[in-house]
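J.: So you can see what is in the structure, the chains are spelled out below.
Protein chains: 2
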Amino acid sequence: MAKKAGKQKTNQSTKPRRSTSGKKTTTRDKIVGLAEAVIGDIAKAENPTLDVPTRALSNVSFDKRTGIIEMGEATSERPFFDLGNAKRFMQTVLMSSELLKLQDQMKTTSIRDMFYRCKHTVEGSKEETFNDQDESDPVIEDLEVTLGALREELRVFANPDGAMVGPMTIRDSGDEIALSRMGSGGWAVPSIVEADVIEFIKCDAKFILLVEKAAIWSRFNEDRFWEKHKCMLITGRGQPPRGVRRLCFRMADELKLPLYVLVDNDPWGYYIYSVVKQGSINLAFESARMAVPQARFIGMSAYDAAEFDIPMNLSIRLNDKDIQRAKEIMNYPWFAGRHWQREIKHMLKLGVKLELEALSNKDFSFIADTYVPQKLKKKNWLN
Amino acid sequence: MAKKAGKQKTNQSTKPRRSTSGKKTTTRDKIVGLAEAVIGDIAKAENPTLDVPTRALSNVSFDKRTGIIEMGEATSERPFFDLGNAKRFMQTVLMSSELLKLQDQMKTTSIRDMFYRCKHTVEGSKEETFNDQDESDPVIEDLEVTLGALREELRVFANPDGAMVGPMTIRDSGDEIALSRMGSGGWAVPSIVEADVIEFIKCDAKFILLVEKAAIWSRFNEDRFWEKHKCMLITGRGQPPRGVRRLCFRMADELKLPLYVLVDNDPWGYYIYSVVKQGSINLAFESARMAVPQARFIGMSAYDAAEFDIPMNLSIRLNDKDIQRAKEIMNYPWFAGRHWQREIKHMLKLGVKLELEALSNKDFSFIADTYVPQKLKKKNWLN
Numbered sequence: 035m036a037k038k039a040g041k042q043k044t045n046q047s048t049k050p051r052r053s054t055s056g057k058k059t060t061t062r063d064k065i066v067g068l069a070e071a072v073i074g075d076i077a078k079a080e081n082p083t084l085d086v087p088t089r090a091l092s093n094v095s096f097d098k099r100t101g102i103i104e105m106g107e108a109t110s111e112r113p114f115f116d117l118g119n120a121k122r123f124m125q126t127v128l129m130s131s132e133l134l135k136l137q138d139q140m141k142t143t144s145i146r147d148m149f150y151r152c153k154h155t156v157e158g159s160k161e162e163t164f165n166d167q168d169e170s171d172p173v174i175e176d177l178e179v180t181l182g183a184l185r186e187e188l189r190v191f192a193n194p195d196g197a198m199v200g201p202m203t204i205r206d207s208g209d210e211i212a213l214s215r216m217g218s219g220g221w222a223v224p225s226i227v228e229a230d231v232i233e234f235i236k237c238d239a240k241f242i243l244l245v246e247k248a249a250i251w252s253r254f255n256e257d258r259f260w261e262k263h264k265c266m267l268i269t270g271r272g273q274p275p276r277g278v279r280r281l282c283f284r285m286a287d288e289l290k291l292p293l294y295v296l297v298d299n300d301p302w303g304y305y306i307y308s309v310v311k312q313g314s315i316n317l318a319f320e321s322a323r324m325a326v327p328q329a330r331f332i333g334m335s336a337y338d339a340a341e342f343d344i345p346m347n348l349s350i351r352l353n354d355k356d357i358q359r360a361k362e363i364m365n366y367p368w369f370a371g372r373h374w375q376r377e378i379k380h381m382l383k384l385g386v387k388l389e390l391e392a393l394s395n396k397d398f399s400f401i402a403d404t405y406v407p408q409k410l411k412k413k414n415w416l417n
Numbered sequence: 035m036a037k038k039a040g041k042q043k044t045n046q047s048t049k050p051r052r053s054t055s056g057k058k059t060t061t062r063d064k065i066v067g068l069a070e071a072v073i074g075d076i077a078k079a080e081n082p083t084l085d086v087p088t089r090a091l092s093n094v095s096f097d098k099r100t101g102i103i104e105m106g107e108a109t110s111e112r113p114f115f116d117l118g119n120a121k122r123f124m125q126t127v128l129m130s131s132e133l134l135k136l137q138d139q140m141k142t143t144s145i146r147d148m149f150y151r152c153k154h155t156v157e158g159s160k161e162e163t164f165n166d167q168d169e170s171d172p173v174i175e176d177l178e179v180t181l182g183a184l185r186e187e188l189r190v191f192a193n194p195d196g197a198m199v200g201p202m203t204i205r206d207s208g209d210e211i212a213l214s215r216m217g218s219g220g221w222a223v224p225s226i227v228e229a230d231v232i233e234f235i236k237c238d239a240k241f242i243l244l245v246e247k248a249a250i251w252s253r254f255n256e257d258r259f260w261e262k263h264k265c266m267l268i269t270g271r272g273q274p275p276r277g278v279r280r281l282c283f284r285m286a287d288e289l290k291l292p293l294y295v296l297v298d299n300d301p302w303g304y305y306i307y308s309v310v311k312q313g314s315i316n317l318a319f320e321s322a323r324m325a326v327p328q329a330r331f332i333g334m335s336a337y338d339a340a341e342f343d344i345p346m347n348l349s350i351r352l353n354d355k356d357i358q359r360a361k362e363i364m365n366y367p368w369f370a371g372r373h374w375q376r377e378i379k380h381m382l383k384l385g386v387k388l389e390l391e392a393l394s395n396k397d398f399s400f401i402a403d404t405y406v407p408q409k410l411k412k413k414n415w416l417n
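Listed in order, the protein sequences are those of chains A and B. Just so you know, we're using our numbering here: the first sequence kicks off at 35 and counts up by one. Just so you know, we're using our numbering here: the second sequence kicks off at 35 and counts up by one.
Worth flagging that the hints you see were computed from the coordinates, not collected in a lab. Incorrect hints may appear among the rest.
Derived pair list, reagent style EDC-like, types lysine to aspartate or glutamate, alpha-carbon separation capped at 20 Å [unchecked claim]:
1) K141/A <-> D397/B
2) K396/A <-> D138/B
3) K141/A <-> E261/B
4) K141/B <-> E261/A
5) K379/A <-> E341/A
6) K135/B <-> E256/A
7) K141/A <-> E256/B
8) K141/A <-> D403/B
Owing to the predicted nature of the structure, the values given are computational and were not obtained by experimental measurement.
Construct the entire structure; sequences and hints are all you get.
T.: Okay, structure coming up:
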């Protein structure tokens, strides 16, 4: 019975389930539903069993139609009366009861906090419920996929990071915030940006510019690029954290804003772009609500050095790790397009990578005044 | 002549020089002064020489009276006509001319950007002005100490990080921002928080709480600790970056707010606190304008586990690196006080470290509702 309930829930991961009364199923309902299924099994003297969608490369595929990396239908059983599964079953039930408290108390907390919340010595034994966070994090991920609820909907977050400014007014936890009046610092993007926390009140932006590096973001902000070009300017400081990705998703989805990604020209930059666009293999179950398949790669391209006349001595030679990574990336199905193969091959042929900061050799504001505007105007981006 | 000018400037590093007209010397004046001294040497057919204060452990001392780590008077000569010094001389003059452009254009930029700005092939040779950033960063630090100007006054920054909320209104680059209405994200603390960028307009805060971890900061913010206790709530996400330290300095100095530092109970937590309070050895020349000697260590203390009845299984055993670091720290003169020796010895005796998140085992909000308020009330902190 619990098994069936688990399966049903998996299918809901991309579309919220509605109960017969037409009311949307809340995350709380989902947690309670899981508990009730377990109790139901016990009442019927059956072996309580959780059925957890498999989070592994074998159960991941790239959907060409939707343009995102998706999780398959494979699941694995986790019966309570089974030596190899009893502990993980206990951990999953314990974690879900703590997650329910978060829902009831309307609080949010970190995955590290959840580890400490759930850690104790099992009564009458010397056994710990959890020994370290490496045990509790996967249990949270199990629950995400089993319940079909994003971690953020479970009110749990990783470390927040990133900043945003632009011609938009939001409501964050009740505070109305004009993102066009955030000075040099910007609004710090929280980890949880679900609609019950962050509301979009008014938006005059025409697109989103996601900048890999915080220092480059500061350049665009200081030059008030977002004002001149009417855009939301956001950075995730390297690989964007979940809050930044989810916020980009929501702005692209709800406000229909095109998303441009600006990264260094190296394999890691390509990869950052691809995670924003298609999602990641490890967290494929979130792609449907995190990935933005319309995202555009505005730069830097391996062709930019020639196009913008950037001296060769500002490039950095690709090292063995870069070359290996570039070849790996070329084999991902989402980089299979002719234009991407051409791009990556050109980088390998030149044998160098190029950082966004290299553009400063011309002028401090070359990147904001010339480079990006020209690329936008000429529609010189990759899809 | 340049040598003498250099020396004079060193002495000003703690107090801004005033010219004979009584006007404050600007950073621009300082850069131009350096250039004029070099030109003066050339005009007199002397060997142009920069005299750079020595940035080394040998030239650093802990001033018990002021409570900060300070730089000594030692300097080293850098003559142009000297095989071992000519390149560094050229680099220093080149960098200062680029820094002057930043002043004139009223722009700020990153140290990485400055590397690319200054990098080119010397005309008629195959020699690069700078090969990599490891060469340009020390030149910026040389100029900081030689000119007696903080990096931020030179308009150059490292990566920004950190967030702040609280009962205060600031003006950031012309935008008036109410930090009490910043939602769950907060205001992202920029890297440069000098008075010409960030002004304090109105402040109802009674103290500052600097929280090591971003996730814990979110807990305090969600619980509106800053409203109940009238405090500025700030995080630097680990070792606070320069912007966060400088902002704490300015709030402590200009607004006379006491500063409490909340870190994990481990040697790294003690060290984070000490850098905030006394400054660091590497950057001793900045202590006078970055360190907050009045800062108080609010926790976590090795005595907290007993005091707050935290189960032992939530502690983590100290590893060899922790123990070694703790012993190093005990030998720093600024940890020589009896109370600090007692504190660190107790941690070593218990043989464990304790994370802030361990407090969540009691209740999600135990840290914000009970732990910190009780410590503040009982004045249970270390100085």
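J.: Looking back at the hints listed earlier, which ones does the structure fail to meet?
T.: none
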